[in-house]
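Undergrad: Here's the letter readout for the chains.
Protein chains: 4
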Amino acid sequence: MEPTDAHRATFELGIKFGALYHQFAGTPISPASAAELASAIESAIENQPHCEEVSVGMKTEAIETAVDPDVGYTEFTGEFADVEILVDYEGLEARGVMEMDDGYPRMRLVGIDDTA
Amino acid sequence: MEPTDAHRATFELGIKFGALYHQFAGTPISPASAAELASAIESAIENQPHCEEVSVGMKTEAIETAVDPDVGYTEFTGEFADVEILVDYEGLEARGVMEMDDGYPRMRLVGIDDTA
Amino acid sequence: MEPTDAHRATFELGIKFGALYHQFAGTPISPASAAELASAIESAIENQPHCEEVSVGMKTEAIETAVDPDVGYTEFTGEFADVEILVDYEGLEARGVMEMDDGYPRMRLVGIDDTA
Amino acid sequence: MEPTDAHRATFELGIKFGALYHQFAGTPISPASAAELASAIESAIENQPHCEEVSVGMKTEAIETAVDPDVGYTEFTGEFADVEILVDYEGLEARGVMEMDDGYPRMRLVGIDDTA
Chain B
14 MEPTDAHRAT
24 FELGIKFGAL
34 YHQFAGTPIS
44 PASAAELASA
54 IESAIENQPH
64 CEEVSVGMKT
74 EAIETAVDPD
84 VGYTEFTGEF
94 ADVEILVDYE
104 GLEARGVMEM
114 DDGYPRMRLV
124 GIDDTA
Chain H
14 MEPTDAHRAT
24 FELGIKFGAL
34 YHQFAGTPIS
44 PASAAELASA
54 IESAIENQPH
64 CEEVSVGMKT
74 EAIETAVDPD
84 VGYTEFTGEF
94 ADVEILVDYE
104 GLEARGVMEM
114 DDGYPRMRLV
124 GIDDTA
Chain U
14 MEPTDAHRAT
24 FELGIKFGAL
34 YHQFAGTPIS
44 PASAAELASA
54 IESAIENQPH
64 CEEVSVGMKT
74 EAIETAVDPD
84 VGYTEFTGEF
94 ADVEILVDYE
104 GLEARGVMEM
114 DDGYPRMRLV
124 GIDDTA
Chain A
14 MEPTDAHRAT
24 FELGIKFGAL
34 YHQFAGTPIS
44 PASAAELASA
54 IESAIENQPH
64 CEEVSVGMKT
74 EAIETAVDPD
84 VGYTEFTGEF
94 ADVEILVDYE
104 GLEARGVMEM
114 DDGYPRMRLV
124 GIDDTA
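Protein chains in written order, with this note's numbering: chain B, 14 to 129; chain H, 14 to 129; chain U, 14 to 129; chain A, 14 to 129.
Since the hints were made in silico from the structure, they are not lab data.
Any given hint could be a false lead.
Identical copies go unnamed one by one, so any copy, or any two together, can satisfy a pair.
[What the hints assert, rightly or not] Lysine to aspartate or glutamate pairs mimicking DMTMM-like chemistry, simulated, CA-CA at most 25 Å apart:
#1 K72 to E97
#2 K72 to D127
#3 K72 to E92
#4 K72 to E49
When you get a sec, could you build the whole thing from the sequences and use the hints?
TA: See below:
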């Protein structure tokens, strides 16, 4: 079937999730540095084409629990943030989230809105 | 509108492109090491859910041209590879490519096939 | 020869430079998002063992020049920032910089101070 | 104190460890794809200045244990590989390893040899 603008919107949304995760996974993170990393992730990914809004909610308690006191930090990975992304492709808005699902950071397409 | 399996297929396809690019951009690369990096990228991304096939064609000549002889290598980025990815989500096959377009590595949804 | 604390200090300093560069190379960046990325890089790498201070000076003009107006952003790489890092290993302070040198982002050991 | 060639050798060695870890952490990995990733990491990092040899030994059993059968892969991180790197800076050879130490992937300077 010929791709529609809604398919292109969800394709673009997927790109943002993959980019976000694989750019920043492995970044040293602590409860004290988490907020600055969240802001930088949001503004970095919002630079990408068709990206309207990125929201990164750091789970500070989970980060605190994961930090070995002898080491002082851990590495950013999917279990430490809830992410929501909104893409607008030619009036088609696609929205998705990344949330933990049974120990795995699941990226999920939530909905598509035709705002044209 | 309620997302269909075709929307989910293109969302999954986008994730693979974003992951591939942002995991491996910046990797030191030379004409001699390009083939091993291509193989590793293919088998790494094929691990991801619903990913059927990843094909990375390194542009060895472009890499060779970019390498400063005093340095001996350059960094992997979109201008050095053509990429094709095939995802299968519940019998819906989505296919995309990454190709240079006017100096920018454009990720493009090529088509969706209902193989069910 | 048996490594001394000064050798260990410079080893640790090198780790921070390699980590900084290869974690963040490829991040989408624009003149508007550069400051938040700089802050996040500094606080992320300062989490690492023995790392006293990281200073990232974004070259906003170079970023602005590199941004294709049709695309709106570019990717973070060594040409867009001057970096200075200070490590303290058992009272041995090692300091280094990353600066462009003939088109290549050169990481350079600047000095070692025994503060014990 | 003025840095010596031995200090520069250990600085360069550190760069390679930081680069290796933060370039490839987060890569999707499975027992089947681990060998190709190891080869690609070795040849990629050996491209870097003064880098003589990189050896990445994947811990296939640890990867197998970490893979959730419902997901089929995990992400590359320090617990899944032993790494050894040899740098030669002006006849000064610096050797280091990355090994797990109490749950943390410790990068350690092993020795310096003057081969000049």
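Undergrad: Take the hints in turn and mark each one as holding or not.
TA: Consistency of the hints with the structure:
no., hint, result
1, K72 to E97, "within (14 Å within a copy, 30 Å between copies)"
2, K72 to D127, "neither (32 Å within a copy, 39 Å between copies)"
3, K72 to E92, "both (8 Å within a copy, 23 Å between copies)"
4, K72 to E49, "both (13 Å within a copy, 20 Å between copies)"
Violated hint for the displayed structure: number 2, the only one.
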